[in-house]
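J.: Line by line, the protein sequences are chains E, D and Z. Residues in the first sequence are numbered consecutively from 76, following my numbering. Residues in the second sequence are numbered consecutively from 169, following my numbering. Residues in the third sequence are numbered consecutively from -19, following my numbering.
As a list, the in silico EDC-like pairs of lysine to aspartate or glutamate whose alpha-carbon atoms are at most 16 Å apart:
#	chain 1	residue 1	chain 2	residue 2
1	Z	Lys16	Z	Asp49
2	E	Lys237	Z	Glu54
3	E	Lys86	D	Asp255
4	Z	Lys28	E	Asp131
Anything over 12 Å on all C-beta distances counts as not near chain E; from chain D, calculated:
#	residue
5	Met169
6	Phe193
7	Tyr230
8	Arg349
9	Arg377
10	Glu387
11	Glu446
Quick caveat, the hints were computed from the structure, so don't treat them as lab data. For every residue, glycine included, the Cβ atom is placed at its ideal position computed from N, Cα and C.
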Amino acid sequence: MIALLRIELYKIFHRPRTYISFGIVAAIALVIQLAMLADGKNFIGFALQGVSEQFDIKGNVLNGYLITYLILQTLLIHIPLLVALVAGDALAGEASIGTLRLLLTKPITRPGLVLVKFTASVVYAMLLLIWLAIIALGLSVLLFGTGDMINLKSDAFVMLLKDDVLWRYFAAFAFAGIAMMCVAALALLLSVFADNSIGPIIGTMGIIIVLTIFSTLQLPIFDAISPYLFTTHMIGWKGFFDAPVPYDAITHSAIVLLVYTILFVATTIIVFNKKDIQS
Amino acid sequence: MAIIAETKELTKSFGNTIAVDKLSFSIEEGDIYGFLGENGAGKSTTIRMLLGLIYPTSGTAYIKGQLFNNSKRHLLQHVGAIIERPDMYGYLSGWDNLRMFAAMSFKNIPKSRLEEVLEIVGLTGREKDKVKAYSQGMKQRLGIAIALVHSPDLLILDEPTNGLAPQGIVEMRNLILHLSRDHGKTILLSSHLLHEIEQIASKILIIHRGKKMVEGPAEQLLDPNETLVEVQMEPDDNIARMIKATQWHGSLTGSGPAHLTFKMHPGKIPGLNKWLVENGAKVIDLHSKHSLEAYFLSLTNDSATPHRTV
Amino acid sequence: MKRLFCLCLFGILLLPSVTMAQDATQLFYRIRDKVKGVNDYVADVRIKLDVPFMKVPPMKGKLYFKNPDKMKLERQGGISILPRNSFNLTMNNLLPPGNVTVIDGGFDTIDHKRVRVIKVIPGSDTGDIVLTRICIDEARMLVLHTETTTRDNGTINMDLYYNSYVAYSLPDKVIFHINLKDYKLPKGVTMDYTGTDEDLVQKAKQARVKKGRVQIEYLHYTINTGLTDAFFTEKK
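All chains should be modelled from the sequences, with the hints used to inform the complete structure.
T.: Spelled out as C-alpha cells, the structure:
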C-alpha cells in the first residue's frame, strides 16, 4: 500500500497541473496582502463601521492575524475547488488517458486502489493547506506583525488576545483538513462515474457551490436542511475564532464531515468494485 | 502442455447486446494464441474479462487453473498485458512509467531487469524521453516492456500493431516471435487482421459477434492443401465438361460457364493454368487465397456463417 | 405684626434651603478643585467590557490622562477599545468647567451610605453635558456616583470605588453604564459559523439588550508626571 501511495504521489507531484493550485493559492493570498498594505486602513474603517460609531478602537488592528483570517475567509471557499482538481481526476483522469485498465491489470485490489487514490488526494489537500498556512499566516505575520485579533461576526464583535490566537489557527487548519478530506471523498466518488476528469471536477464544484448557497441563505426552507449539508459544517474552523470556542458545535461538525467522508469513500469502493472498466 | 488460461461459456451482455456469447477456449503454455475477429467482434471484451476488468454476465475465466476474480488478483502477477492502445503517463519519462508499473507488480524487480526489458523491446537510449514525445511504435514497445517487466508467464497483446507503420508491424512481429521462442512466453495475440495472426500464431481462434467460429491449430487451419483457387474466363461450357475427366476434377469445388473454383495446394496452380490454356480456356483472371482468409472475409459480409471447427 | 411674623416664618423655613443651596455650590467647587489637583497621571489598568455584542477579554494596559480632557489607552502592541468620546471616562470631564448652576438634590443612599446629591447645569450651553447628577460622600469629599445627561451620547452612569488613592480623589475602580446602539452585520458578508448550537443562536438573540458596562480597575497610579499634550496626538 505504501509503495502504491508513493507511486500515486509521484504521479500527482510530477504533473504540472498540480502546481497551478499552489500558484493560485499564493496569488490570491498575495493580492489580498498587497491590497491590505495599500488600502488596509480604509478597509478596516469600513469593516469596523458598526462598532466604531460607539467605540474607539485603536492600535494595530490590521495585523497579520486579521489578514490571515481574511485570506482564509476568501480562500477556504476556493480550496475545495482546487482539491477537486486533483481528487476528481484521480480515477476519471486515469480512465480518460487509458491508464486505468493498465493499472488494474497489476495485482492491485480495486478497494486498495480507491483507498490509495483517496489518501493521495488527502495528502495533496493537506500540503495545499500547509502551503496556505505558510503563505497566509507566515507571510502576513511577517508583513503586518502580530497583535490582538478582531473577528467580526454578524451579531458579535470578538477580540482575541495576541497570545491566544496562534493555537486557534493550528486548530482551524486541522479542522479545514477534515473538511478537505470530505471534499476529496466527494470528488473521488464523482470520479468513479466518469471517464474524463472534467465532469467530476465541475460536478464537485457545482455541488459545493449550490450547497453552500443553501447553507448560507437564511431562508426557512433551507434552514430545515442546512444542518444535514456537509457544506454547513465546512466552515466549522471559524468556531475556533469565537469566544468562548463552541467545542460542542465544532465536534459535531467534524463528526458530520467524517461521516460524509466515510460514506463517500465507501460508496466509491462499492461502485468501483462493480464497475466494468471499458475505458 | 499445461493450460495457462481458460474460459468456459464466458458471456457478457451490455443491456440487450450480447458482446461475448458462451465463449470457451483454452491457451496452453508456449502457445502464440491468435485471437482473430473483426473490430467489435468481442475480442477486447473477452480479454478484459480474462483480466478481471469486466465482469462476465455468466461463465468463468481461469488463469493457471484458478478461478479469476477480484480477490485473486495475485494471479495477475503471472500476466502482462497491453489492451487496445498502449496508454501511459505522457508527462513522465519512459523509464518512470516502466519503473512505476514494475513497482505495482509487488515483486522485487532490480534496475537491471528494467534495462533488460528496454533492451528487448529496443528502447534503450530513449528511456529518459517523455512518453508524450514517443511515436506510436515506441509507445507500443514500451507497453510491451511494461507487460514484460515482472516476468509474467502469459502475455496478452491486444491489437499490438494498431497504428504502426509497415516497418513497425514487421518489427512487432519479430519481437513477438522473439519473446515466444527465446523467452518462452505464452502469448495471447488479438488482431482483426488475419495475415498478422497467420504468420506467427500456433493456434487460432476466430470469433464473430461474440461467438466462436473457428478454433484449432494453425497448421491445420492454414493447411496449404486448403488454398482456394478462383478462375475467371470467357463463358465456355466445354471447359467445365472436359475437366470432369481430368485429375483436376477432385479439386473442383464449384463451376459455371465463366468461373471455376478449386481447393488445392498452391504448387499445383501452374499445372492447372497450363491445362486450362492448352484446352482453349480464355482465362481472364486466376488468383489464389487461403480458405481461412476467404472464410474470415465472408464473416465481415455475412452474419449467418456457420460455426466451424477443425 | 402678623405680616412680619409670616415673613419671619417664611424666612426661617426658607433659610435652610438657601444655606443648603450655597453649601451645594460650594461643595461642587470644592470637589472640582480637589479633583483638578491631579493634573495628569499614568495608571496601570485592567479594562473589562461587558457589552452584549462584544466578546472582548479583559485588557491590561496603561491609561494616560492629562487635564482637562486628554486621554489615551496604550496596550503593548495590542488593540485598545474604549467607548467613544473617552472624556466620558474620567470624572474630571463629568464635572462641567466654568461657572455652573448647582441645585441641591437632597440625600440618597449608596451601599448603605448616606450621600449628598447635587445637580449641576453648565454655565455655557456649548458643551456636550446638559446635566450632571453627582452623589458625594461628604465626609471623605469623594464622588461615588454620577449620572450625566449628554447632548449626543445619551445618559452615562458612573460608579466610583476608592481605596488607595483617596487623597487624590482617584478611584481604584470605575464602572460605566452606557447606552448602546444595535449592532448587526449581514450574515452573507461574514458567513458565520454557528454550528448547530442552539445556545449560541439564543445568545445572539438576547444580545439585542441595549445596555453595556465598562469596568476600569486602576492597579497603580503615577500622578503629576508632567505629560505633554503632544503625547496624546495620534501617531499615524
